[in-house]
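The whole structure should be built from the sequences, with the hints applied where relevant.
Line by line, the protein sequences are chains L and Z. Using the working numbering, read the first sequence as starting at 1 and increasing by one per residue. Using the working numbering, read the second sequence as starting at 1001 and increasing by one per residue.
Hints were generated in silico from the structure; no laboratory data involved. Every residue gets a Cβ at the ideal spot worked out from N, C-alpha and C, and that includes glycine. Treat the hints with care, as some may be off.
Stretch-level coverage of chain L by chain Z, calculated; a stretch enters the list once three of its residues show a Cβ under 8 angstroms from a Cβ in chain Z [claimed, not checked]: (1) 189-195; (2) 242-255; (3) 258-271; (4) 291-298; (5) 303-312; (6) 319-333; (7) 337-350.
Here are the in silico distance ranges between beta carbons for each label pair [unchecked claim]: (8) Z:1195 - L:292: 30 to 38 angstroms; (9) L:46 - Z:1155: 47 to 55 angstroms; (10) L:274 - Z:1040: 19 to 27 angstroms.
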Amino acid sequence: MSLNVKYGRSARTNFGSFDKLLNFAVGGLLLIGTLLVYAGTREWFRSYGLDPEYYFKRHTLNIVIGGLLAYGTTLIDYRLLRAYTPIVWLAAVIGLTIVLIPGLGTEINGARAWISLPGGFQLQPAELAKIAIIVGISMILSDRDQTDKDPTDLDVVKALAIAAVPILLIVAQPDLGTVLIISAAVVAMIGASGAPARWVVGLLLLAVVGVFTAVQTGAVSQYQVARLQSFVDPSADPQASGYQLRQSRITIGSGGLFGKGLFEGPQTNGRFVPEQQTDFIFTVAGEELGFVGCSLILALYFLLFVRAFSICRRSSDLFGRLVCIGVIAWFAFQTFENIGMTMGLMPMTGVPLPFLSYGGSSMFANLIGIGLLQNVHSRSR
Amino acid sequence: MSVRSRINLIIFQTLVFSLMFALFGRLFYLQVLASDKYQDAAISIQSRDVVTPAVRGAITDINGTPMVVDLPGLVVSINRTVLDQQFDKGTSVLASISNLFGLEYADVYQRTRLCGELPRNNRAGCWNGTRYQPIPLVGNATQDIALKIMENSDAYPGVEVQSVPIRSYPSLSGENVAHVLGYVGSVTDEDLKNPEVNYYRNEVVGKSGLEIQYNQYLRGTPGVRTFLVNRKEVVTKQDKNIKAISGNNLITNIDSRLQAGVEKALEAAVKRARGSGYRGDSGAAIVLEIKTGRVLAMASYPTYDPSIWQKGLTVKQAQDLFSEAKGVPALSRPLQGLFAPASTFKSISVVAAAAAGYELNKNYDCPASVEIGTRTFKNFDSVAAGRIPLDVGLAISCDSLWYQISYDEWVRDGGLKPKSNANDYFFKAAKDFGVGVLTGIDLPSELKGRLPDRQWKQNWYEQNKDFYCNYKDRAKKQDLTAYLIEIARENCLDGNKVRAGDAVNFSIGQGDTLVTPLRLAQMYAAIANDGLYYKPQIARAIVDADGKIVKEFKPEVADKIEIEQSTWDFLHRGLRMVVTRGTAAGVFSGFPVAVSGKTGTAQVFGKNPNGSAKDDTSWFASYGPTEDPQYAVVMMVSQGGFGASTSGLGVRNIYETLFGVTGNKVNPEKAIFPTGVPTNIAKVDLKKVASKVDLTGKKESGVKIK
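See below:
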C-alpha cells in the first residue's frame, strides 16, 4: 500500500515537468554544435561544388529524430523500462555481432563499428549498447532497493556479466575509446550502488592490467598503438595521428581569446584538421569562437552535470539514481576524452563529443540519455 | 541511500567536476597563455610565401663601368623532394636532363646529392644546402630548352624552370677580377638562422669577395606574395604583396682598364718565368693609390671565369678550383698568399739601421761572405763589392752588409742572453710597417703574415719543442739525416731564442718572415709617402638605383711611421738608384717615367709535389712617379725566379698601361688617369652592358665571357 502511495504521489508531483536548466544546457550545446558542424563543412563542400548545407541539414535532422526519441523515453515510467531492458540489451548484442560479419558491417578507420542502412544512413550499435548496459546494470544492482541493503558480490558479478558481453564485442571491432567509456560508467555505477569497495579497486586495477596486456599481446590493433605512441611522442607518426593531434592543438591555440569569428577560421576552412565535423568538432569551436566561446561550451557541460547530479540525488529510488550515475559517467568521460584529445591531454581514440559532434547514432544515444535523466527527474520526490 | 553510496556519490561528483576543470585549465593554457605560439604555427601552416628575388646591385669600376650585373636568365633547377619520390629515385629524369643539356650524367648526379650523402673524399660539386631547396643545375638555359621542359613537365618530374636574375660578367674592358668580385650562391641553413637578416630559401647571397663583403647593400629586399592555402595546397586567397626592391650598386676603386692591363702583365710575367725554366706556379699584382689607399687594380694568378658559379659549377670545375696541380685558382694571392719578402725588406732594414744610429751616408763593407758563429752567410751569388755607400748597397742588393749590421745589433741586445730592454730595432721597424698584422682591406679572408720576433719564437718553441727534443722518435725515416738531426738538436736546445742566424736572415727578409703582396704594396706606399699610409680600400661608394649616394667610403689612415725625414730622403734616393743603376736598371732601361722600387728574390724551402726543390719567389715592389709618388705597384710571382726579370718587367708593363707608355714614349692620352685618379663618384652606367650583351634571350641568355 505504502508503495502505491509513494509512486502515485511522485508521479503526480513531477510528471510531465522537465528540469528546465538541463534542457537549457542541452539546447545550448545542440545549437552551438549545429553551427560548428555547419562551419566545419560548408567551405569544404562548397569547394567541391556540393551543397554547403548538406551536413547542416543532416545534423538538424539527427537532432529532431534524437529529440523525439528522448521525448519518447520520458513518457514511460523508468521503472517500467526494466521490462524493456532485456530487449534493448539483446538488440545491442545482435547489432554488435552483425557489424563484425564481413559484408554486413562497414569498416571505417580500421574499426568495424557501423551497419550500413538504406539511404546512406549508418547505425553504430555500440551507442545503443551504452544505454542497454547502463539500464541493465542499474536494474540488477537495485534489485534489493526495498530491503535497503547494499548489493552483494553475486549482484556485482551478475552486473559485470551484463556488461561483459557487449564490451567484448566492441573490443573485437575494435573501438577502444567506447570500451573505456563504458567501463568507466560501469565502475562508477558499481561504486555508487554501495557494493563492496574491493570491487571498485579491483576493477580499476583490472583496467590498468587489461590495457597493458592488450597493447603488449597485440590484441589492440596496430593503428591504436600508433595513436597511443603519437600521443606520447607526436613526432613518432607525423603524417597520420601525430599530424592530426598537432594540427588540432595548433588550431585551438590559434583561436586566442575571442577566436577568429564563426565561419572565419582559416585552419577550419582549409580543413587542416581531419574529421573536424565529428571527433574534432571542438577544434572548430577553439579556432572560431576562441577562449570565450569554448568556456561557454564548458560552462554548458558543467551546468548539465550539476543538474544531472541534482536529479540523481533527488531520485526516489536506487534504480533511478544508478541510471543517472551511468549516464553522467558516460557523458563526463566521453566529453573529457574527446576535448582532452583535441587539446593534447588524452590519447587519440575515436569518440565523438556528446551533443556537438555530427553523427546520428551518437546523437540519438545522447538524447535518449537526456531522456532518461528527465524521466527520473519527472518521477522524483 | 547508504552512507557508503552517499560518500561514493560525492567522490564521483568531485571527479567529474575535476575533469571539467582540467579541461578548462588546459583550454586557458592553449588559448590564452600559449596562444601566440600557436597563432604563429597556424600562420606557417596556412600561408605560402612566393618570393621574387630582388635584382642584385651591380658592382662597377671607378668610372661606373659595370663589372658584374644581374641579367635575366633561365635557371633550371632540381627539386630533390619530388625526385626522391620517383620509383627509380629520379635517375631516369637526371639522365634525360643530362642528355638535354649535353652534361655528364655522373656530374649531374653528383651535383644533385647533398654533401652529407657522399663519402667525405668525394664531395666536389655536391649540394651544400638542404633537400627542400631547389638545386640550380643550369644557370643559362636557352628559351628553346626551357620551353621543352615546361611543356613536358610530366616527363621531367622534379625539374623546374624559373626566370630569375643571374650574375653576369660583361668584362667590358677585358678584365676578369674574379677574386675581387667573389661570387654568389644559394642561402645556407646558417644564413636562414641568422637573426639579423630575414633571408628566404630561394635567395642568393654573397659567398666570397665583394659579393659577401657588401652583401647587405647589394642584396636588396626580395618581393613576397603571401597566399593562403588549404590542406590540399589549393590557394584560397592572396594575403600580402610586397614588391621587390632592387639592391644598391657598389662603385669600386678598381679601374677595369688598368685591371685588365695588370692581369695581362701578371700572366705574361708568370709565362716568362716558365719560359726561363722556373715553375712559376702563381702570382699576384697590386696597384694602390698612395695618398688614399685605394686599390686601383688587384690581380691573382691563376684565375678562373667568374661566371662558372652561375652557370652551374661542374664537378670538374669545382675540383679544379682547389686543385694543387692547377695552382689552386680559388686562392686570392694578393691577400692570401704568404711569402718571404726577401730583399724588398731591406728598405725596412734601412729604417732599423738609422734608428740604431748607423750613418746612412757612410760606406759599408760588402764582402762575398760573412762568418757568424760556426756558419758562413754568403752574399748573393757570393760576389764581393768592396766598401760601398749604403745607397749603392741597396741598389745592388748587397746582403753581407746587412749580415754585419744585424749581427752587431743582435750582440748588442745580449745575443742568446737577451737584455730585458733589448732595442730590437729590426723587429720594431718591421712592426711599424705592419708586418704580421692585417691590412684591413675590405675583402674577406685576408691572411696576416708573420713577424718572427722574440714572442713569436717563444710561442713556436712551446708548440714544437716536443717534436725537436724527441726528433729521432718523431721524425720520418728519410728526415733522419745528420744535418737535420743537428738542426733539431739546436732547436731543442735554444729554439725559443732569437739566434744570430735568425737575426741575420731577418735583416734580408728571409727566415720566418712572411708577408702578403698586399702588405708589401702598402709598405712601399708608406715609404713613398714619408711614413703615412692608408687602409687598402676596394669600395668607393654605395649608390642606389637612382644614383643617390647611400654610403661613401673615405680614405682611412692606417698609421704614420715617425722617423727622421733624412731617412725617407735616403730611401727615396736609394730606391730610385735600384731602377737607374741597380738590380732593376736593365728591365727599366729607357723607361720615360721616373719610378723607384726594389727587387726581391726569396729562397723558398720545401719541395714541390713532384719532388723538385722550390724555385725562388720573384718580387718587385715599387712606387711612381718618383718626384711625386701616386701609385704603389707590387708584383709577386711564386717560383718565378729573379725579382727583376720576372716581376720587375711585369711592373714595368703595369706602369706602361698606367702612364700610357708605348716603347720609350709617354702618350698622356693613353694614360689611365691623365688628370689623376678621379675624385668624384662616377655614375653607374648599366646601358654599357646592353650594348655588349644580347638581352633578347633569343640565343643564349646570360652573358658569355669572351
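Results of checking the hints against the structure:
no.	hint	verdict
1	189-195	holds (count 4)
2	242-255	holds (count 8)
3	258-271	holds (count 5)
4	291-298	holds (count 4)
5	303-312	holds (count 3)
6	319-333	holds (count 6)
7	337-350	holds (count 5)
8	Z:1195 - L:292: 30 to 38 angstroms	35 angstroms, holds
9	L:46 - Z:1155: 47 to 55 angstroms	35 angstroms, violated
10	L:274 - Z:1040: 19 to 27 angstroms	22 angstroms, holds
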